[in-house]
Amino acid sequence: MILFLPLAVRYARFFPQPLWYDRESTCGERYMRGWQVNWRWVALIGFIALLASGPSLPWPMTVLVLVAGGSYLIGMAWRISGGVRHRRQTPRVTYWRGQRIDMPGPDRRPPSLSVGAMIPSIVYALIGLALLIGAILVVLNRSGI
Numbered sequence: 583m584i585l586f587l588p589l590a591v592r593y594a595r596f597f598p599q600p601l602w603y604d605r606e607s608t609c610g611e612r613y614m615r616g617w618q619v620n621w622r623w624v625a626l627i628g629f630i631a632l633l634a635s636g637p638s639l640p641w642p643m644t645v646l647v648l649v650a651g652g653s654y655l656i657g658m659a660w661r662i663s664g665g666v667r668h669r670r671q672t673p674r675v676t677y678w679r680g681q682r683i684d685m686p687g688p689d690r691r692p693p694s695l696s697v698g699a700m701i702p703s704i705v706y707a708l709i710g711l712a713l714l715i716g717a718i719l720v721v722l723n724r725s726g727i
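Basically our numbering = 1-based index in the sequence shown + 582.
Hints are supplied without guarantee of correctness; some may be wrong.
Stated by the list, open to error - Now the in silico label distances, taken between C-beta atoms and shown as ranges:
hint: 1; residue 1: N723; residue 2: P673; range: 19 to 29 Å
hint: 2; residue 1: G687; residue 2: A631; range: 44 to 54 Å
hint: 3; residue 1: W660; residue 2: P637; range: 44 to 54 Å
hint: 4; residue 1: M643; residue 2: T676; range: 31 to 41 Å
hint: 5; residue 1: F629; residue 2: S696; range: 29 to 39 Å
hint: 6; residue 1: I704; residue 2: I627; range: 38 to 48 Å
It is worth saying that the hints were derived from the structure and are not from the lab. By construction, the Cβ of each residue, glycine as well, lies at the ideal position given by its N, Cα and C atoms.
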């Protein structure tokens with residue numbers, strides 16, 4: 583293993599190094615020394631672990647996990663699709679020779695999305711709805727309906 587280390591170091595120069603952007607850096611970037619944790623992956627692993635141990639957990643905990651996951655995914659789908667379309671336009675204020683002039687602000691509507699751009703939103707919404715329906719079914723099953 584130690585014999586291959588100089589060879590690996592020599593070939594590592596040809597691969598791009600990950601960059602770390604920093605405020606204090608003079609040129610705006612430096613090489614990253616460690617790895618970063620994406621907390622969404624940690625939450626996904628915890629979510630899968632809780633669902634895998636669902637039969638041994640109390641049913642309110644399972645329902646809570648399903649509702650939390652489903653509502654998060656539906657919120658993601660809402661944000662991807664553009665969220666609220668009807669926003670109040672704020673006027674642009676300009677002062678000229680001591681007088682205030684209200685100019686119409688820029689159009690803040692997000693551009694209309696094509697069908698290809700809506701696919702991730704639809705997938706997130708369907709998985710979120712499936713999780714919410716699963717939570718409803720667990721509640722109905724436990725209540726005897």
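Could you tell me which of the hints above the structure violates, numbers in ascending order?
Hints 1, 3, 4 and 6 not satisfied by this model.
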